[in-house]
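Quick mapping for you: the protein sequence lines, in order, are chains A and B. The first sequence begins at 1 in the numbering used here and counts up by one. The second sequence begins at 1001 in the numbering used here and counts up by one.
Please note that the accuracy of each hint is not assured.
Claimed, not checked - Cβ pair distances, simulated, as ranges:
1) A:Asp-609 to B:Thr-1048: 29 to 37 Å
2) A:Arg-410 to B:Phe-1049: 38 to 46 Å
3) A:Leu-43 to B:Gly-1060: 20 to 28 Å
4) B:Gly-1023 to A:Glu-20: 55 to 63 Å
5) B:Asn-1106 to A:Ala-478: 33 to 41 Å
6) B:Ala-1266 to A:Arg-557: 22 to 30 Å
7) A:Val-579 to B:Phe-1049: 47 to 55 Å
8) B:Ala-1158 to A:Arg-5: 41 to 49 Å
9) A:Ser-2 to B:Arg-1176: 25 to 33 Å
10) B:Ala-1247 to A:Thr-389: 47 to 55 Å
Derived from the structure by calculation, the hints contain no laboratory data. The beta-carbon is built from N, C-alpha and C at its ideal position, and this holds for glycine as well.
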Amino acid sequence: MSDPRATGAARYAEDVEFPEMLHARIVRCPFPHARIRSIDTSLVPESCVVVAGDDVRDLGRYGPQIQDQTVLAVDVARFAGDPVAAVAAPTRREADEALPLIMVDYDELPAVFDPLEASEPGAPLVHETADVSENEAAYFDMRPQAGTNICHRFRIRRGDPEAAFARADVVVDETYRTAGAQHAHMEPHASVARWRDGRLEVWTGTQTPFNVRSDLARIFGIEPDGVRVVCEPMGGSFGAKTFVRLEAIVAALARKSGRPVKAVLGRAEEFQTLNRHPAIVRVKLGATADGTFVAARIWCWADTGAYADCGPGVVQKMGFAAPGPYRIADVWVDADCVYTHLPPNGAFRGYGQMQSTFARELAIDVLADRLGIDPLELRLRNVIRDGDTYATGERLHDCMYGECLEAAARAVRWDAGRRGKGLALLMKGMQTPSRGEIVIEADADGGYTLRCAAAEMGQGAWSAIRRLAAERLEADVAAIRFPVPDTDAVPYDTRTTSSRTTYVMSRALDDAVRDLRESGGRRGHGVVDIAGGLDPDTGEGVASHHWHQGAAACELRVDEETGRIEVLHLHAAIYAGRVVNREAAELQNEGSMIMGLGSALYEGISFSDGQVANANLSDYEIPAVNDLPAQLTHELLEKPGAEIHGLGETALPPVPAAIGNALKSLDVEVRELPITAESVLDALRPGVPA
Amino acid sequence: MSEPAWLAPDSLEEALRLKAELGEEATVVAGGTFVAILMNQGLLTPTTFLSLRDVPGLAGVDVADGELRLGALATHRTVELSPLVRERWPAVAVAFAVVASPRIRNQATVGGVLADADYASDPPAMLTALGARAVVRSVRGPREIPLEALILGHYTTALEADELITEVRVPGGAHRATYRKFRSRSHEDRPCVGVAACRRPHELRVVVGAVADRPQWFPELCAGGAEEVARAYAAAIDPLDDVRGSADYRRRVIAVEVRRALEELAA
């Protein structure tokens, strides 16, 4: 079977063409923080259309969670790369040539690049105010701290850990740092906009069609029904194509020019568009001599860059899962989402879990070492089991953490000696609350058409949903059609994120099939509503309707003279509940593990005075095929009668921690990602001269 | 601004004539891997390309007078897979085989990797250690430049504005050679430190690449035991800092990798 993605037949947003269409390029601020004094477009040829601050000054402010964005920077630019103007021209080349003809005059302003410094009183403020968004993606109570750069603060306040630490025999207190990362999706961001009869139509690669629709409606002051978003399949996203990216800029250019406008980002621009949150996580964990955890305090500072994007949500998830799947009676968490003058950070496969998992799981091994207890044994003594109460107060069911951990340990023959081996355990929430809908239409030829907003980004959502529909309709998969999602034609869905789609759509399909059968067999509309949510000041409530559970184990060796790490075996054990499409699930696991390997060893965005210093895929390294461990293995744990568990991200977050813990078994203490050969050598042989 | 001119002569004579006429104005393209990166990063905006792809006779790999002759347009992949090179100059095959990925190696050429004079390349150090010479031609005639005199600094060579590299000649004769590419990151990365060593009956050459603006060779330090030479090289080289490692780290790795290279030669 020839896959259209391999033959070149697949159509992406970049391939959308219209007669008279213009091509856009973006003028970006070269300074991390600057006042825009003037923008001179007098040299730009008349065949081009330019939009700049004054064209968008009166448009609505937007942002999925905090309303801190304008279509282009108005008066102030907040990071090196902030769009300050955009030009549309009849050809891409003419747009390229017009770009340097737009003269912008700036006054540089003081900037801050570190989330701890940015949290200090007196730090330069990135934004004067932080208004909570009206977008449906602002699904929880936000706690911006007035007069600071903190745009959201999430806390868990369960018990009194400081008092409980007094009962502990050993308390560890460790701080870890993780670097920003690029999604490095193969297909760049691409969007096309067209205005027709007062309606805005957008063809774009996005995981969030309905959130994009509501923000565009707000920006242009029209009803959501006045915006149509066609959600083209994507050549990878990993969180990068969430919420409004290029859509507002091409829409503003299309409105001004009266013609369709397309924009496609270059690779360097991707590094200025959306990255993963760099984070600092401090873990204080106490246990009694027998290895019983008694208390934890965890602090997270996540750098969300110059615009919040979904940073508050990332930080809330980073915070609420930070204590991990362990029984701990007294837990406090303080997680701050902090603005800096760096490019925005947002959704990234793992959604904050990699950062807090790395810190917690390394701290547990430090604790195990101090207690003289095997790290596997220490985890199993404290791991959450069915019926236990989590730090949020919710009672947990369907717990397979212990089983995942034991499976991972078995895979690396933990009992045969643990030098060079490491383990890590993960819990990750699913988008909660959440709503998904699907419509089944019976076609004249005996087949069915699905109307569904689920985005296809290479993860196989469409094939999984078609397969689930075929099972329920007792039809052949080939007879199930899945047209490209179009908000004019599909019912509402929260978004294709947080590994929720297969699970949510399987339940929506149950409901749709029931409706189809009850209402005459022509059309069935299924709805699933998942309730929950947390109090941001106490962390009480329902964090996640169900939890993604997984463990990673690794075996590695180190060249003690150069610090180079060779990962020999990497294994992930992931709880799937029930596997829907085994091949796709296995590919998700492998992809997640390889991305985790990149985060562990290679990937980190480096900045020099606020500028991305490695904005290309030569200086910014992702794993290549020869970097894979000799053994890259994984397993999907299932349980009879269990519900489907999402697994698109689960195997990523525990990988860097497993590698870090394997290094610890070789007396290499790691506190920072990525773990470079140089840092390993420094840890092994501090200050040894050549 | 207009579309850059694309000149693709179909004979060496025509190519040399154009190079003489255009000089530095002509951006010479063979495989295009280097030029494309510079253009993508906005570091190079050529007005005229001089493509060598249609010039016949420059892609060969053969032996004459006991020397290996690599045509300037021979790709890395061709050199890597050549049975002749693998059998008689195995270290040359290795130095080309460890570059990037097969997709790049199918494109990048012998002449290109020398003429671009990028410090973070593998083949130049190995070719220097083997005592290779570049054959360069212009309308004024041919000349030979020893590799150690070809690359002068960052992106700077001894080529005159009208000259093109047409061939590389690697001496044969009894020798043992090795190339060690030390990568601090991905397998497809450029070297953090590259060590080339070649022992001939009366000479040992150690050349360290990717640590400074040009391959580092210290003839006066190439005597003594492996440990001794390695320490001397680590002390003599003033390494640069980049994304692949700090100067201090490179110094430590040079000491290790030079020693390992010499141990391999001795084994």
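Hint by hint, here is what the structure shows:
Between Asp-609 of chain A and Thr-1048 of chain B the Cβ separation comes to about 36 Å, which falls inside the hinted range of 29 to 37 Å. Distance hint for Arg-410 of chain A and Phe-1049 of chain B: a CB-CB separation of about 59 Å, inconsistent with the stated range 38 to 46 Å. Taking 20 to 28 Å as the suggested C-beta distance range, the pair Leu-43 of chain A and Gly-1060 of chain B does not conform, at roughly 51 Å. Our hint of 55 to 63 Å for Gly-1023 of chain B and Glu-20 of chain A is violated, since their Cβ atoms are close to 43 Å apart.
For Asn-1106 of chain B paired with Ala-478 of chain A, a C-beta distance near 38 Å keeps the hint of 33 to 41 Å intact. Taking the beta carbon of each, Ala-1266 of chain B and Arg-557 of chain A are about 25 Å apart, inside 22 to 30 Å as hinted. Take Val-579 of chain A and Phe-1049 of chain B: their Cβ atoms lie about 53 Å apart, and the range 47 to 55 Å holds. In this structure, Ala-1158 of chain B and Arg-5 of chain A meet the distance hint of 41 to 49 Å, their C-beta atoms being roughly 48 Å apart.
Ser-2 of chain A and Arg-1176 of chain B have their C-beta atoms about 50 Å apart, which leaves the hinted 25 to 33 Å range violated. For the hinted restraint 47 to 55 Å between Ala-1247 of chain B and Thr-389 of chain A, the CB-CB distance of approximately 54 Å keeps it satisfied.
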